[in-house]
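Visitor: Given next are the chains, with one letter for each unit.
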Amino acid sequence: MNEHLRRSAADLAADIAARRISSEEVTRAHLERIEAVDEEVHAFLHVDGERALAAARDVDARVAAGEPVGPLAGVPLGLKDVLTMRGAPTTCGSKILQGWHPPYDATVTRRLLEAGLVVLGKTNMDEFAMGSSTENSAYGPTRNPWDTSRIPGGSGGGSAAALAAFEAPLTIGTDTGGSIRQPAAVTGTVGVKPTYGGTSRYGLVALASSLDQPGPCARTVLDAALLHEVIGGHDPLDSTSIDAPVPDVVGAARSGDVTGLKVGVVRELGGAGYQPGVQQRFDEAVALLSSLGAEVVEVSCPSFEQALAAYYLILPSECSSNLAKFDAMRFGLRVGDDGSRSAEEVMNLTREAGFGDEVKRRIIIGTYALSSGYYDAYYGSAQKVRTLIVRDFAAAFETVDVLVSPTTPTTAWPLGERVDDPLAMYAADLCTIPSNLAGNASASFPVGLAPEDGLPVGLQVIAPPMADDRLYRVGAALERALTEQWGGSLLDRVPERAEVSA
Amino acid sequence: MSAAVMDYDEALAAFDPVMGLEVHVELSTASKMFCGCSTAFGAPPNTQTCPVCLGLPGALPVVNRTAVESAIRIGLALNCSIAEWCRFARKNYFYPDMPKNYQISQYDEPIAFDGWVEVDVDGEPFRIEIERAHMEEDTGKSLHVGGSTGRIHGASHSLLDYNRSGVPLIEIVTKPITGAGARAPEVARAYVAHLRDLLRALGVSDVRMEQGSLRCDANVSLRPDPAAPLGTRTETKNVNSLRSVERALRYEITRQAALLREGTPVTQETRHWHEDTGTTTAGRSKETAEDYRYFPEPDLVPVAPSREWVEELRATLPEQPHLRRKRLLAEWGYTELEMRDVVSSGALELIEQTVAAGCAPQAARKWWVGELARRANETGSELDALPISPAQVAQLQQLVEAGTINDKLARQVIEGVLAGEGEPAEVVESRGLAVVSDDDALGAAVDAAIAANPDVAEKIRGGKVQAAGALIGAVMKQMRGQADAARVRELILARLG
Numbered sequence: 001m002n003e004h005l006r007r008s009a010a011d012l013a014a015d016i017a018a019r020r021i022s023s024e025e026v027t028r029a030h031l032e033r034i035e036a037v038d039e040e041v042h043a044f045l046h047v048d049g050e051r052a053l054a055a056a057r058d059v060d061a062r063v064a065a066g067e068p069v070g071p072l073a074g075v076p077l078g079l080k081d082v083l084t085m086r087g088a089p090t091t092c093g094s095k096i097l098q099g100w101h102p103p104y105d106a107t108v109t110r111r112l113l114e115a116g117l118v119v120l121g122k123t124n125m126d127e128f129a130m131g132s133s134t135e136n137s138a139y140g141p142t143r144n145p146w147d148t149s150r151i152p153g154g155s156g157g158g159s160a161a162a163l164a165a166f167e168a169p170l171t172i173g174t175d176t177g178g179s180i181r182q183p184a185a186v187t188g189t190v191g192v193k194p195t196y197g198g199t200s201r202y203g204l205v206a207l208a209s210s211l212d213q214p215g216p217c218a219r220t221v222l223d224a225a226l227l228h229e230v231i232g233g234h235d236p237l238d239s240t241s242i243d244a245p246v247p248d249v250v251g252a253a254r255s256g257d258v259t260g261l262k263v264g265v266v267r268e269l270g271g272a273g274y275q276p277g278v279q280q281r282f283d284e285a286v287a288l289l290s291s292l293g294a295e296v297v298e299v300s301c302p303s304f305e306q307a308l309a310a311y312y313l314i315l316p317s318e319c320s321s322n323l324a325k326f327d328a329m330r331f332g333l334r335v336g337d338d339g340s341r342s343a344e345e346v347m348n349l350t351r352e353a354g355f356g357d358e359v360k361r362r363i364i365i366g367t368y369a370l371s372s373g374y375y376d377a378y379y380g381s382a383q384k385v386r387t388l389i390v391r392d393f394a395a396a397f398e399t400v401d402v403l404v405s406p407t408t409p410t411t412a413w414p415l416g417e418r419v420d421d422p423l424a425m426y427a428a429d430l431c432t433i434p435s436n437l438a439g440n441a442s443a444s445f446p447v448g449l450a451p452e453d454g455l456p457v458g459l460q461v462i463a464p465p466m467a468d469d470r471l472y473r474v475g476a477a478l479e480r481a482l483t484e485q486w487g488g489s490l491l492d493r494v495p496e497r498a499e500v501s502a
Numbered sequence: 001m002s003a004a005v006m007d008y009d010e011a012l013a014a015f016d017p018v019m020g021l022e023v024h025v026e027l028s029t030a031s032k033m034f035c036g037c038s039t040a041f042g043a044p045p046n047t048q049t050c051p052v053c054l055g056l057p058g059a060l061p062v063v064n065r066t067a068v069e070s071a072i073r074i075g076l077a078l079n080c081s082i083a084e085w086c087r088f089a090r091k092n093y094f095y096p097d098m099p100k101n102y103q104i105s106q107y108d109e110p111i112a113f114d115g116w117v118e119v120d121v122d123g124e125p126f127r128i129e130i131e132r133a134h135m136e137e138d139t140g141k142s143l144h145v146g147g148s149t150g151r152i153h154g155a156s157h158s159l160l161d162y163n164r165s166g167v168p169l170i171e172i173v174t175k176p177i178t179g180a181g182a183r184a185p186e187v188a189r190a191y192v193a194h195l196r197d198l199l200r201a202l203g204v205s206d207v208r209m210e211q212g213s214l215r216c217d218a219n220v221s222l223r224p225d226p227a228a229p230l231g232t233r234t235e236t237k238n239v240n241s242l243r244s245v246e247r248a249l250r251y252e253i254t255r256q257a258a259l260l261r262e263g264t265p266v267t268q269e270t271r272h273w274h275e276d277t278g279t280t281t282a283g284r285s286k287e288t289a290e291d292y293r294y295f296p297e298p299d300l301v302p303v304a305p306s307r308e309w310v311e312e313l314r315a316t317l318p319e320q321p322h323l324r325r326k327r328l329l330a331e332w333g334y335t336e337l338e339m340r341d342v343v344s345s346g347a348l349e350l351i352e353q354t355v356a357a358g359c360a361p362q363a364a365r366k367w368w369v370g371e372l373a374r375r376a377n378e379t380g381s382e383l384d385a386l387p388i389s390p391a392q393v394a395q396l397q398q399l400v401e402a403g404t405i406n407d408k409l410a411r412q413v414i415e416g417v418l419a420g421e422g423e424p425a426e427v428v429e430s431r432g433l434a435v436v437s438d439d440d441a442l443g444a445a446v447d448a449a450i451a452a453n454p455d456v457a458e459k460i461r462g463g464k465v466q467a468a469g470a471l472i473g474a475v476m477k478q479m480r481g482q483a484d485a486a487r488v489r490e491l492i493l494a495r496l497g
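As they're listed, the protein sequences go chains A and B.
Position one of the first sequence corresponds to residue 1 (full-length UniProt numbering), numbered consecutively onward.
Position one of the second sequence corresponds to residue 1 (full-length UniProt numbering), numbered consecutively onward.
I should point out that these hints are in silico values taken from the structure, not numbers from a laboratory.
Worth double-checking, as some hints may not be accurate.
Facing chain A, a subset of chain B residues (Cβ under 7 angstroms, in silico) [what the hints assert, rightly or not]:
(1) Arg90
(2) Asn92
(3) Tyr102
(4) Asp291
(5) Arg293
(6) Asp299
Heads up, incomplete: computed chain A residues facing chain B, CB under 7 angstroms, no partners named [to be verified]:
(7) Thr84
(8) Gly203
(9) Leu204
(10) Ser239
(11) Ala324
(12) Lys325
Cβ atoms here follow ideal geometry from the backbone N, Cα and C, with glycine treated the same way.
Using the sequences and the accompanying hints, generate a full structural model.
Guide: Dropping the structure here:
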């Protein structure tokens with residue numbers, strides 16, 4: 001494997017800025033790696049090597065000219081295919097958007113490009129971010145680099161797998177109910193869902209507007225923080241964006257000091273129903289935090305029991321409306337337009353052919369939940385539960401600084417195991433959903449391999465809104481102590497991919 | 001199907017009409033409700049669009065602050081309460097001219113509610129209660145091609161123009177209007193005219209009904225008497241002139257009355273008004289109407305206008321229309337009757353602007369309520385839609401007062417201005433309409449007239465000075481009406497006196 005592939009983004013950026021290596025050679029190494037392993041992993045839906053190399057040479061030229069560049073300039077990155085980028089397709093993992101080239105950049109994309117990051121391509125995902133395994137992608141599943149017979153999590157399985165397969169040192173994910181954190185957990189990587197409003201949703205093709213949030217994915221805590229800082233901050237194009245400075249996430253990631261930090265273990269998220277090895281690694285990590293000076297207490301958030309049910313009413317309701325625009329009239333797939341059919345018939349045929357089963361399932365549920373006569377019982381009740389969850393968090397954060405839980409109840413399961421069982425699939429997001437409903441900050445950090453299957457386990461940290469820095473403080477503390485214990489990064493243990501020579 | 005109608009007076013003798021009016025006002029903000037695109041009318045199709053108003057995946061709305069300000073000012077001018085906190089909602093339905101397949105509107109939390117206005121119906125005040133005024137975005141426009149009617153039925157294909165998509169709208173909804181009796185159609189017309197004047201005075205909209213910037217949907221139902229419960233209503237759309245408001249309601253009342261007299265129930269439905277035939281036809285039936293699945297718009301944060309802001313905006317409100325009318329009546333020295341004519345012909349604003357341009361109030365009234373109203377009536381357009389400006393009318397009057405033209409020539413000048421021939425002075429020049437008062441030219445014409453009418457000339461010589469009129473007429477005819485009549489008279493008397 002090329003020497004650049006395992007390095008952190010922070011190190012690569014420092015060497016590029018100091019002209020010890022060029023962005024072009026780093027980018028080329030990653031493109032070659034994608035060429036070699038992505039046929040098997042399938043983390044990417046679209047790769048534009050020419051464009052990436054041109055962007056890399058541009059950074060190299062700016063560095064050579066002595067121009068100041070950002071702290072991640074020249075570092076290659078994968079962008080989840082739910083964020084628009086001019087000059088590239090955006091499919092959202094759906095047939096219905098096949099061939100669509102958006103005419104504008106998402107705010108996250110624009111900030112990445114302005115900061116000199118080199119976009120390698122667009123990463124695979126469950127169709128319209130609906131799923132926890134990436135098996136709902138219309139373009140085929142992504143495989144988990146730890147065991148390619150297993151799922152990489154979802155919806156952002158492509159972004160997580162690209163990191164674990166060393167195809168990119170950084171990726172962008174989006175998290176609606178766990179789509180950044182759950183894939184991070186099952187691939188042994190770092191994934192952060194910023195506070196709702198902390199990163200811009202402009203150009204993020206909406207699943208559920210009140211829940212979606214873009215965030216950084218990386219192999220190290222510092223890399224995630226550096227990326228968070230690049231994409232975060234107020235955006236006047238997103239009305240729900242918070243007009244306040246980005247919390248000092250980089251400072252927190254460099255510090256990693258948890259002395260005196262009050263850590264609450266959520267009683268409702270753990271125990272019975274959790275895979276023993278997941279619970280074991282979680283408990284050990286909590287003990288480690290305690291030994292590092294954190295004060296650990298148990299906290300109860302009783303409304304979390306209803307979170308999954310409320311989520312699966314609010315999300316489908318919003319998505320049934322958000323996905324109405326995919327009607328074949330202005331962009332994307334068009335089916336049945338033979339001159340004899342009405343616009344309405346073409347809309348129906350296109351949506352029938354262009355959407356997958358899970359998307360249709362949620363559109364139907366959401367349409368029903370918003371119908372007059374059912375609105376109060378379903379959407380209305382779910383919003384009340386949401387309020388209760390916000391209150392549970394508020395009460396908990398009166399006594400603790402952060403909450404922790406396992407990120408997901410199990411490690412990566414075999415591909416195909418849950419495709420016919422939506423409820424089992426939904427259960428993967430049991431621990432991650434409450435944070436989306438409340439709009440606070442949360443993250444998943446790797447805490448080891450489950451003894452029974454040797455697969456990665458993630459620990460979730462949740463912080464109050466706009467206290468994203470606390471996530472990084474906890475993550476960095478764990479990373480430092482665990483790397484020492486393990487004698488290196490957890491990802492050093494990912495099986496070597498047989499590289500198909502290009 | 002052409003429905004039978006009942007004679008209007010007969011209908012009103014048998015039934016009591018109840019109306020509800022929904023008026024959509026396009027705001028004249030520079031940019032759209034949720035994006036920075038221009039709202040200018042008449043641009044080439046799809047040139048004023050962006051990812052937001054095209055509803056492209058990923059794009060997000062941002063509320064136009066000026067539109068909220070206009071909404072609050074409209075609410076205040078309608079004597080409404082202004083919400084301390086309100087949200088936008090999504091109204092979900094599929095239609096190709098609505099790019100997101102939902103409209104961002106307001107549902108159960110309008111920005112303004114519970115107001116009233118007092119309108120003038122033939123000099124008498126009539127109070128109309130306002131239910132609400134809320135903000136929403138306009139849709140694009142569909143053009144159905146290939147059919148005979150321009151409607152979607154029978155068309156071979158449709159063209160879509162999204163320039164209007166996202167233009168800010170305020171929808172103003174009345175409470176049921178009762179007690180108008182036979183005057184119901186006039187009350188409705190007076191109400192829409194009142195809104196138009198009010199909105200124009202507020203400076204928030206172009207209020208051009210012919211361009212669709214003020215659109216009215218008229219609901220009406222009949223009941224046997226004012227004590228009876230409300231009857232089944234119809235909603236007539238596409239009522240886009242003051243005259244149509246009155247005509248459409250009059251027609252619907254007579255149509256419903258005919259049905260009810262036969263014992264046929266009125267169907268609750270949307271109907272379309274046809275200006276050409278003066279009738280309405282059934283549109284979508286409300287029983288099969290879609291469920292709009294309203295829910296709070298998650299892409300926007302609530303609108304919470306501070307009380308300080310609302311009070312600041314209240315201070316910017318123009319004079320109330322009825323008070324303004326009273327003031328102008330005194331300033332201009334009109335009679336009550338003259339003022340009523342001015343208001344009912346929609347000339348108040350125009351006269352005010354004409355007076356501001358230097359014209360005497362009586363002269364301004366004479367032109368607008370006389371010649372110009374007659375021409376507007378002939379072409380079936382609104383007075384303010386005539387292609388002549390108050391400044392041009394003022395200039396016309398100056399030309400009359402300077403003796404450059406007389407009243408008769410002035411009518412020809414108006415014709416030229418309306419035909420797009422330029423400013424009044426330019427029309428006088430290009431059409432050669434100036435009055436001739438040059439003694440040489442007039443003297444020659446006078447001599448010719450005397451020579452041609454020796455008997456008349458003899459009478460004048462004999463002291464019958466009033467016979468001079470016949471000679472003046474002859475001179476005028478000879479000079480195509482452009483002679484200075486007073487000077488001609490002097491010249492005739494000087495020669496024959």
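Visitor: Work down the list of hints and note, for each, if the structure agrees.
Guide: Hint check results:
no., hint, result
1, Arg90, "holds (5 angstroms)"
2, Asn92, "holds (5 angstroms)"
3, Tyr102, "holds (5 angstroms)"
4, Asp291, "holds (5 angstroms)"
5, Arg293, "holds (4 angstroms)"
6, Asp299, "holds (5 angstroms)"
7, Thr84, "holds (5 angstroms)"
8, Gly203, "holds (4 angstroms)"
9, Leu204, "holds (6 angstroms)"
10, Ser239, "holds (5 angstroms)"
11, Ala324, "holds (4 angstroms)"
12, Lys325, "holds (5 angstroms)"
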